[in-house]
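A.B. asks: The primary structure of each chain is shown beneath.
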Amino acid sequence: MASEFPQNHFDLFRLPVRFALDRAALDQNYRALQGEVHPDRYATATSAERLRSAQMAALVNEAYQTLKSPVDRARYLLHLNGVDTQEETNTAMPADFLMRQMEWRETVEDARAAADIAALEKALDDLKREAAEFETQLHTALDEKNDHARAADLVRKLRFLDKVRDETELAIETLET
Amino acid sequence: MALLQISEPGKSAAPHQHRLAVGIDLGTTNSLVATVRSGLAVVLSDEEGHALLPSVVRYLPGGNVTVGLSAQAQQSGDPQNTLVSVKRFMGRGVHDIADIGLYPYRFVDAPGMVQLNTAGGIKNPVEISAEILRALKIRAEKSLNGELAGAVITVPAYFDEAQRQATKDAATLAGINVLRLLNEPTAAAIAYGLDNAAEGVFVIYDLGGGTFDVSVLRLSRGVFEVLATNGDSALGGDDFDRRVFCWMLEKAQLPPVGPEDTRLLLTKAREAKEQLSTRSEAHITGVLSGGDVINLTLDNATFTELTQHLVGKTLAPTRKALRDAGIAIEDVQGVVMVGGATRIPQIQRAVAEFFKQEPLNNLDPDKVVALGAAIQANVLVGNKDETDLLLLDVIPLSLGLETMGGLTEKIIARNSTIPVARAQEFTTFKDGQTAMSIHVAQGERELVSDCRSLARFELRGIPPMAAGAARVRVTFQVDADGLLSVSAREQTSGVEAHVTVKPSYGLGDDEIAAMLQSSFSHAAEDREARALREAQVEADQLLATIRAALEQDGDALLDAAERDALESSMTALQSALASAERDAITHAASALNRASETFAARRMDASIARALTGRKIDDLKV
Ligand SMILES: Nc1ncnc2c1ncn2[C@@H]1O[C@H](COP(=O)(O)OP(=O)(O)O)[C@@H](O)[C@H]1O
Ligand SMILES: [Mg+2]
Numbered sequence: 111m112a113s114e115f116p117q118n119h120f121d122l123f124r125l126p127v128r129f130a131l132d133r134a135a136l137d138q139n140y141r142a143l144q145g146e147v148h149p150d151r152y153a154t155a156t157s158a159e160r161l162r163s164a165q166m167a168a169l170v171n172e173a174y175q176t177l178k179s180p181v182d183r184a185r186y187l188l189h190l191n192g193v194d195t196q197e198e199t200n201t202a203m204p205a206d207f208l209m210r211q212m213e214w215r216e217t218v219e220d221a222r223a224a225a226d227i228a229a230l231e232k233a234l235d236d237l238k239r240e241a242a243e244f245e246t247q248l249h250t251a252l253d254e255k256n257d258h259a260r261a262a263d264l265v266r267k268l269r270f271l272d273k274v275r276d277e278t279e280l281a282i283e284t285l286e287t
Numbered sequence: 002m003a004l005l006q007i008s009e010p011g012k013s014a015a016p017h018q019h020r021l022a023v024g025i026d027l028g029t030t031n032s033l034v035a036t037v038r039s040g041l042a043v044v045l046s047d048e049e050g051h052a053l054l055p056s057v058v059r060y061l062p063g064g065n066v067t068v069g070l071s072a073q074a075q076q077s078g079d080p081q082n083t084l085v086s087v088k089r090f091m092g093r094g095v096h097d098i099a100d101i102g103l104y105p106y107r108f109v110d111a112p113g114m115v116q117l118n119t120a121g122g123i124k125n126p127v128e129i130s131a132e133i134l135r136a137l138k139i140r141a142e143k144s145l146n147g148e149l150a151g152a153v154i155t156v157p158a159y160f161d162e163a164q165r166q167a168t169k170d171a172a173t174l175a176g177i178n179v180l181r182l183l184n185e186p187t188a189a190a191i192a193y194g195l196d197n198a199a200e201g202v203f204v205i206y207d208l209g210g211g212t213f214d215v216s217v218l219r220l221s222r223g224v225f226e227v228l229a230t231n232g233d234s235a236l237g238g239d240d241f242d243r244r245v246f247c248w249m250l251e252k253a254q255l256p257p258v259g260p261e262d263t264r265l266l267l268t269k270a271r272e273a274k275e276q277l278s279t280r281s282e283a284h285i286t287g288v289l290s291g292g293d294v295i296n297l298t299l300d301n302a303t304f305t306e307l308t309q310h311l312v313g314k315t316l317a318p319t320r321k322a323l324r325d326a327g328i329a330i331e332d333v334q335g336v337v338m339v340g341g342a343t344r345i346p347q348i349q350r351a352v353a354e355f356f357k358q359e360p361l362n363n364l365d366p367d368k369v370v371a372l373g374a375a376i377q378a379n380v381l382v383g384n385k386d387e388t389d390l391l392l393l394d395v396i397p398l399s400l401g402l403e404t405m406g407g408l409t410e411k412i413i414a415r416n417s418t419i420p421v422a423r424a425q426e427f428t429t430f431k432d433g434q435t436a437m438s439i440h441v442a443q444g445e446r447e448l449v450s451d452c453r454s455l456a457r458f459e460l461r462g463i464p465p466m467a468a469g470a471a472r473v474r475v476t477f478q479v480d481a482d483g484l485l486s487v488s489a490r491e492q493t494s495g496v497e498a499h500v501t502v503k504p505s506y507g508l509g510d511d512e513i514a515a516m517l518q519s520s521f522s523h524a525a526e527d528r529e530a531r532a533l534r535e536a537q538v539e540a541d542q543l544l545a546t547i548r549a550a551l552e553q554d555g556d557a558l559l560d561a562a563e564r565d566a567l568e569s570s571m572t573a574l575q576s577a578l579a580s581a582e583r584d585a586i587t588h589a590a591s592a593l594n595r596a597s598e599t600f601a602a603r604r605m606d607a608s609i610a611r612a613l614t615g616r617k618i619d620d621l622k623v
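Taken in sequence, the protein lines are chains Y and H.
Here the first sequence stands for residues 111 to 287, where the numbers follow the numbering used here.
Here the second sequence stands for residues 2 to 623, where the numbers follow the numbering used here.
Don't read these hints as lab results, they were simulated from the structure.
Quantities reported herein were computed from a predicted structural model and do not represent experimental measurements.
One thing to keep in mind: the hints can contain errors.
Stated by the list, open to error - Pairwise CB distance ranges, derived in the manner of DEER restraints:
#, chain 1, residue 1, chain 2, residue 2, range
1, H, 298, Y, 242, 53 to 63 Å
2, H, 43, Y, 238, 38 to 48 Å
3, H, 493, Y, 225, 46 to 56 Å
Stated by the list, open to error - These stretches of chain Y come out as covered by chain H in the derived footprint (C-beta under 8 Å, 3 or more residues):
#, stretch
4, 143-149
5, 161-175
6, 209-217
The C-beta atom is built at its ideal place from N, Cα and C for all residues, glycine as well.
Using the sequences provided together with the hints, build the complete structure.
C.D. replies: Following this line, the structure appears as structure tokens:
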């Protein structure tokens with residue numbers, strides 16, 4: 111049967127299809143939707159409904175997570191526009207960015223070796239700031255300039271930062287335990 | 002009831018009577034059962050007025066079993082047949098258990114879940130837990146004077162797949178209809194949050210007898226959203242007892258002691274620990290089986306020193322949970338203390354210092370989990386207007402697959418909101434490869450051998466293709482109980498394989514069936530009669546639900562042909578009901594269920610549309 115389920119994640123939450131996000135509206139509509147579809151609402155329902163409820167609730171969660179994260183949201187917008195971000199294949203980065211990458215990794219490596227949790231926490235903060243900067247640029251590229259190539263480039267850079275962040279968090283966790 | 006979600010407020014669309022539902026806190030040390038009576042959550046006590054049921058089961062020769070206080074009273078006299086803290090063994094193999102020498106039990110050396118040799122035969126933790134659950138079920142049915150429609154059973158948030166499945170199996174074995182497995186800290190948050198009209202970010206710090214959980218939740222107008230959870234499913238008050246026990250052996254210069262003395266000394270250790278929560282020193286006296294007399298004094302400073310590292314062990318998971326939640330310590334509105342072991346002053350101090358605020362102790366740490374579970378059970382069973390409580394919980398540990406080189410590829414990250422479904426594509430690496438083996442694991446580590454192995458299965462019958470041409474899509478689905486199912490499908494040929502994950506340390510369906518069989522004292526005819534009655538009740542409910550839904554939305558959402566088809570399935574079920582044959586009824590009921598799928602889907606779509614439109618209207622009014 112043809113479901114009338116909204117076409118894309120933005121429509122699902124009644125949000126405009128763009129990078130800039132009304133986070134309060136997203137959160138509010140997410141809760142309203144889960145309030146309808148969550149399996150807790152269907153604990154004693156027919157098995158057909160329980161199945162449907164689990165599927166819908168998972169989909170609503172997936173859509174929410176995608177829109178909540180700037181990099182996932184940007185990738186998703188590009189995907190809606192038929193643009194592949196080529197994160198696995200296209201690893202060509204400008205030299206200055208690669209330099210920056212190496213510096214990050216060295217900082218994390220040194221701090222790990224010195225068991226310096228404070229330095230690692232600081233690195234996390236710096237990473238967050240750097241990511242925020244790229245996110246501002248994503249807003250310009252996607253919402254104002256409609257520059258998909260530039261946006262895909264930024265998504266790849268953010269992906270790099272995410273990896274460094276994961277490594278940093280792992281280093282902190284290992285030191286803490 | 003669920004189908005009725007889109008009815009107008011105040012217009013109840015289905016006939017509905019109050020159904021008996023309970024929340025059960027199946028604890029390491031103590032277990033409780035609670036219910037909602039006249040809108041108020043209350044713990045149900047036994048006939049002597051005891052609310053806590055010690056989680057102790059004693060097996061006697063000849064098949065008799067005692068549970069609770071009477072069993073606990075015998076633990077030093079009959080330590081090998083009196084099982085305490087069995088929750089620590091749920092979903093665990095012998096090799097998983099640290100300090101196995103400290104337990105006065107006869108472990109059976111066999112693969113799979115731990116087994117214990119008792120006077121009543123060989124028992125596994127699922128069977129032992131089922132005894133505790135059965136005792137609580139009987140208590141509840143006596144006290145409420147009727148049969149239970151279902152129960153919410155709590156589990157530590159940090160319980161993995163194997164431990165959750167084992168808990169659910171124990172409930173099945175006890176004849177309990179599990180409405181939901183609910184995480185203990187989330188249950189505590191419900192009870193706390195609703196009572197205190199709390200809003201904002203709260204941390205639940207739950208240190209019980211054998212498990213530690215920490216959850217970070219955002220509370221806002223009836224929505225309980227778990228942002229992250231962490232913990233240690235083998236850390237609790239028991240470990241503090243062990244430290245004191247070892248200190249006693251050392252101080253009194255005792256040689257290794259037998260099972261009776263071990264149990265006696267552990268009990269003494271626990272008493273001393275509990276006394277130290279309100280006093281500055283505790284005297285430990287006793288006579289061992291060989292006549293040795295112990296007479297020791299443990300002061301607070303020594304106790305603090307002995308157990309310092311255990312306190313520290315709770316803070317690392319706490320930091321992780323906060324980091325995963327993206328919450329700074331300053332953002333935390335309050336820290337709610339749950340579990341008996343949080344009465345230890347040293348813990349109170351450590352938590353206060355860590356969060357830079359005094360923790361909240363204004364609720365009974367023993368009862369709050371059961372009360373929260375009762376509230377949730379009441380909602381799930383449909384006794385309450387559901388729109389004022391929504392729980393959004395997470396899975397505690399990442400789920401993934403083994404890939405080349407023994408590495409883990411994460412499919413679902415820890416702290417993902419459930420239910421969640423995610424798929425990933427893999428391909429063959431040899432020309433003409435017709436099978437692919439899939440190894441599912443849980444944990445955060447990079448090497449699959451460092452994670453907990455959950456299941457292995459094979460996808461066979463892939464048509465021979467060049468290496469890399471097959472596209473195998475593996476889908477992970479985690480339901481609202483936090484339980485996983487995995488399926489795999491080769492996309493170009495449509496070959497499929499599906500497994501419900503039965504963890505390596507779990508029990509097979511056949512084993513559970515066999516245990517069920519032997520646990521029922523009823524004669525076979527009784528069982529058949531009961532099964533028939535259950536099928537009839539379910540079929541009646543199904544018919545009533547669909548009838549009500551049709552009345553409400555049938556005209557709007559179904560065309561004449563679709564409606565006819567659905568109605569003829571209903572008629573078929575009605576005639577099956579008249580026949581009083583169980584197989585016929587269950588067949589017709591599942592046919593009706595299938596026939597109603599489209600209708601269910603459309604109703605849900607419609608309710609989604611209304612939810613968002615309703616939201617807009619609300620916004621305009623503000
Ligand atoms: N006054 C107290 N001081 C210190 N520990 C206590 C006190 N009361 C109970 N405990 C400890 O709390 C643990 C049991 O907590 P509980 O929340 O009932 O556990 P569980 O949920 O695992 O059954 C035991 O280790 C017990 O010794
Ligand atoms: Mg507990």
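A.B. asks: State for each hint whether it applies.
C.D. replies: Going through the hints against the structure:
1. 298/H x 242/Y: 53 to 63 Å: 58 Å, holds
2. 43/H x 238/Y: 38 to 48 Å: Hint holds: Cβ distance 47 Å, inside 38 to 48 Å.
3. 493/H x 225/Y: 46 to 56 Å: Given range 46 to 56 Å: holds, Cβ gap about 51 Å.
4. 143-149: That given contact holds, which follows from 7 residues of the stretch 143-149 of chain Y lying within Cβ reach (below 8 Å) of chain H.
5. 161-175: holds (count 13)
6. 209-217: n = 0 at 8 Å, threshold three: violated.
Checked against the numbered hints above, the structure breaks only hint 6 and satisfies the rest.
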